[in-house]
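**Q** As a plain string of letters, each chain reads:
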Amino acid sequence: MSNYTLEITNLTKKFGKFTALDNVNATLEKGEVLGYIGPNGAGKTTTIRVMLGILKATSGGAKVFGMDSWRDAVEIHKKIAYVPGDVTLWPNMTGGEVIDLFVALRGKHDKERRKKLLEMFDLDPTKKCRTYSKGNRQKVALIAAFASDAELFILDEPTSGLDPLMGHHFQQCVLEQKNLGKSVLLSSHIMSEVEQLCDQVCIIKNGKIVDTGTLDSLRHLTRVNMKIETVKPIENLATLEGVHDVIEERGEVDFKVDYLNVGAVVEYIAKYGVKKLESAPPTLEELFMSHYDTKGV
Amino acid sequence: MLRGTFANSFTVVKFIFRRERIVTTAWILALVLFTMGVAPAMANMFPDMASRSQFAASFNNPIMIAMMGPIYGADNYTAGAMYGGMMLLWYAMAVAIMNIFFVVRHTRADEQAGRVEVVRSLPTGRLANLNATMISALIINVVLGLLTGLGLAVLGIEDMGFAGSMAYGAATAAIGLVFASIAALFSQITSNASGATGLSFVSIGVFYMIRAAGDMQGNEIISCISPLGLVLRTQAYVQNNIWPSLVLFATAIVISAVAYKLNSIRDLGQGFVAARPGRATASPLLKSSFGLTWRLLRNMLIIWAVVMFILGASYATVIGDISSFIGDSPEYMEVIGVPVDQLAALSEADQAKLIVDSFGTFVTLMMTIVAIVPLINAIMKLRSEERDGRAENVLTRAVRRCRYMSGFVILAYVFSVIIQFLTASGLYVVATSVAGDANPFTYTGLLQAFFAFLPALWVMIGFTVLVVGLLPKATTIVWAYFGVVAFTSFMGRLVMPDWMLNITPLHFVSQPQPMQDFVIDYTPLIIMTGIAAVLTAIGIISYSKRDMITS
Ligand SMILES: Nc1ncnc2c1ncn2[C@@H]1O[C@H](COP(=O)(O)OP(=O)(O)O)[C@@H](O)[C@H]1O
Ligand SMILES: [Mg+2]
Chain A
3 MSNYTLEITN LTKKFGKFTA LDNVNATLEK GEVLGYIGPN GAGKTTTIRV MLGILKATSG
63 GAKVFGMDSW RDAVEIHKKI AYVPGDVTLW PNMTGGEVID LFVALRGKHD KERRKKLLEM
123 FDLDPTKKCR TYSKGNRQKV ALIAAFASDA ELFILDEPTS GLDPLMGHHF QQCVLEQKNL
183 GKSVLLSSHI MSEVEQLCDQ VCIIKNGKIV DTGTLDSLRH LTRVNMKIET VKPIENLATL
243 EGVHDVIEER GEVDFKVDYL NVGAVVEYIA KYGVKKLESA PPTLEELFMS HYDTKGV
Chain B
722 MLRGTFANSF TVVKFIFRRE RIVTTAWILA LVLFTMGVAP AMANMFPDMA SRSQFAASFN
782 NPIMIAMMGP IYGADNYTAG AMYGGMMLLW YAMAVAIMNI FFVVRHTRAD EQAGRVEVVR
842 SLPTGRLANL NATMISALII NVVLGLLTGL GLAVLGIEDM GFAGSMAYGA ATAAIGLVFA
902 SIAALFSQIT SNASGATGLS FVSIGVFYMI RAAGDMQGNE IISCISPLGL VLRTQAYVQN
962 NIWPSLVLFA TAIVISAVAY KLNSIRDLGQ GFVAARPGRA TASPLLKSSF GLTWRLLRNM
1022 LIIWAVVMFI LGASYATVIG DISSFIGDSP EYMEVIGVPV DQLAALSEAD QAKLIVDSFG
1082 TFVTLMMTIV AIVPLINAIM KLRSEERDGR AENVLTRAVR RCRYMSGFVI LAYVFSVIIQ
1142 FLTASGLYVV ATSVAGDANP FTYTGLLQAF FAFLPALWVM IGFTVLVVGL LPKATTIVWA
1202 YFGVVAFTSF MGRLVMPDWM LNITPLHFVS QPQPMQDFVI DYTPLIIMTG IAAVLTAIGI
1262 ISYSKRDMIT S
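Chains as they are written, first to last, in our numbering: chain A, 3 to 299; chain B, 722 to 1272.
It should be emphasised that the hints constitute simulated quantities derived from the structure, not laboratory data. There is no bait here: all hints are sound.
Covered stretches of chain A, going by a simulated chain B footprint (3 or more residues, C-beta under 8 Å):
no., region
1, 88 to 94
2, 127 to 140
Straight-line C-alpha distance at most 27 Å; calculated DSS-like pairs for lysine-lysine:
no., chain 1, residue 1, chain 2, residue 2
3, A, K19, B, K1266
4, A, K136, B, K1008
5, B, K1008, A, K129
6, A, K110, B, K1008
7, A, K81, B, K1008
8, B, K1102, A, K136
9, A, K113, B, K1008
10, A, K130, B, K1102
11, B, K1102, A, K80
Given the structure is predicted, the values throughout are model-derived calculations rather than measurements. Here a beta-carbon is modelled for each residue, glycine too, at the ideal position from N, C-alpha and C.
Just chain A, with the same shape it has in the complex:
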């Protein structure tokens, strides 16, 4: 038996002829926060729905707590809290009723926690769900999730409807769970959120995992931003191997260098008398874009 909290192996999911997930592999260890990122339609939600046993894998599969995600769905659900990306609720029930129902369908009830979360997320539980905005429906799902005593939190773009303050409260909640040793799978579009929270990142595109690892290890595969000022103007900088996006402005040169070519480039520019050199690792945003800029799969 593996000791991964989540282990996805060679997962393929087809809808008719369309392949939504193509041989996806990913793991999440206990106590870790895994960021699952990719553009719209990449297959994030589909992966999560297979993990939850809502969809059946075409081949391969997912194990959660070492159990099969389809066969043992109910056992798994007892230890999971899930916040869907698109929360739909019953229009004629109040938010408070729905939270209680959700918590009760899993198990234990913590009144204090519920009250604290309601205050934190500033949600009026006496309003009917039909009057809630997208953000408020998300709050209902988040409160129900964080009020329950789960081992694994599966959060599918949970903050897409929240304002920045609520986004901040959300991050607090995730960190709190992480400190308690709980595991989190966070699918997100918001890079700063992923940078703040995640130990590991998994990037998916067109149903395929294109990159996976810690944030640092991913950065090694990409480009470094450089900003330099030299005594003499640099010749032929753009033609060097691994140099991209050269922009000259008021004597300063901005460019990006592939991680592997940094040494050679620095040696080259030294000849021109370096006055100033700044370099910065790529932000996750850039890292993300670098995968999506390029054409093809």
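Since chain A is already given, all that's left is putting chain B with the ligands on it; use the hints.
**A** Same frame as chain A, now just chain B with the ligands:
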């Protein structure tokens, strides 16, 4: 200032008609075609004065008048007088429903969905949206009234001339506008579309009852307080009064004016009755998968239970005169399936008994067909919960699929028993109070007759479970099958081929004779129960084994 308030209303009108080109066209066509179909059918069924007079006489009692409205022109009961008297009230209510949906759709529902906000952000006046909706309603109702009137006139039925037809059409348009304005008013008062629709429907019910009370006591003032009472005073094809239509039209204008005023003084998205705060916590009853299922189906089931009881009761109101009423009309006898060839050989008393038995059979069958609808709805709710993504809220928690589905299935089965019980009870209670000792039905006989149909209802439930489990994308099959079942049960004996009768569960229930000598053949009932169980089991297993489909 005034111009600014209504600016660009006509642009919005055009937009409304673009959005309505299918729905409202379908409503108008359906209503007009219904009118043009029923009028000749009714004239055919009662071809001579004698049959009509007798029909009028059988309806001339307080209960029928409360239900159908007063009988006008009874001393010269022409086909027109009969059509106007029998149909206008029901037609008016159908038109009211069309108008309520139309107005709420374009006012409160659009506002709730944020579409009004978009319209307002354009260079349109503050009241342009409501104004455009009411102008559109005016156009639609005038068109509907004209088509209805012309449609009736061109049929060329004796005593259904141009003037009467136009009076009928004008009354239609006027009552439509009244309910359009009522819906507009409630759309200002409440803050959500379902509230506005609900209150408008309640107003139909209240006005129906006020009219019933007035008509039953012969109190014209009380009747005329209700628009539904007023509209009947048109006396289409008898007096052809135009004043009720004028009064109704004026009423519509006054109510609309109030709605305009309220709209102009409130904020976008707000209502005048603040939405009541609901419960902050769930009751212990709700905190389970089955509790949720009950909560989701509760209102629908309770409403249907009441409707079925009333339906049973309303059939029973004619019970006293039924044998003479039907016995004199060969057409009626054919429709309800009286074995006419056996009739001649019987004594008069036995003839009456056979007719009443056949009527009982017919009524039981009709009620059972109607009872299928809520049962299918209960199971289909599973599918809409799945499609809208709400089922996942439950199924991603510690709830097994089969357990979740079983909640809906169990409620449907239990409700099938309750509904048959209530319909039989409604029939019996009212038949006894109307006909007293002359009530030909016994309670046990009726219960037996209605319960004999249970296995057939269960097959319908089972079939729905099977389709939801196995073919979730093709659930329209269920309604198509229901259409076939309803139609073959109604017309089957006359026109349907055998194979169609053989896929109709209701066909296998022995023709119940709710009086004495009623023998149930249990074999088909046991087989059908078995079939229902198998269909249900396959459906539940398939549901547990497939993807949840949210499209
Ligand atoms: N039930 C379905 N039937 C057919 N195609 C689907 C279905 N669900 C998702 N897809 C397709 O699979 C792809 C991945 O979707 P999804 O997992 O929702 O992406 P993401 O969550 O990353 O935005 C999309 O192209 C989507 O259109
Ligand atoms: Mg998604």
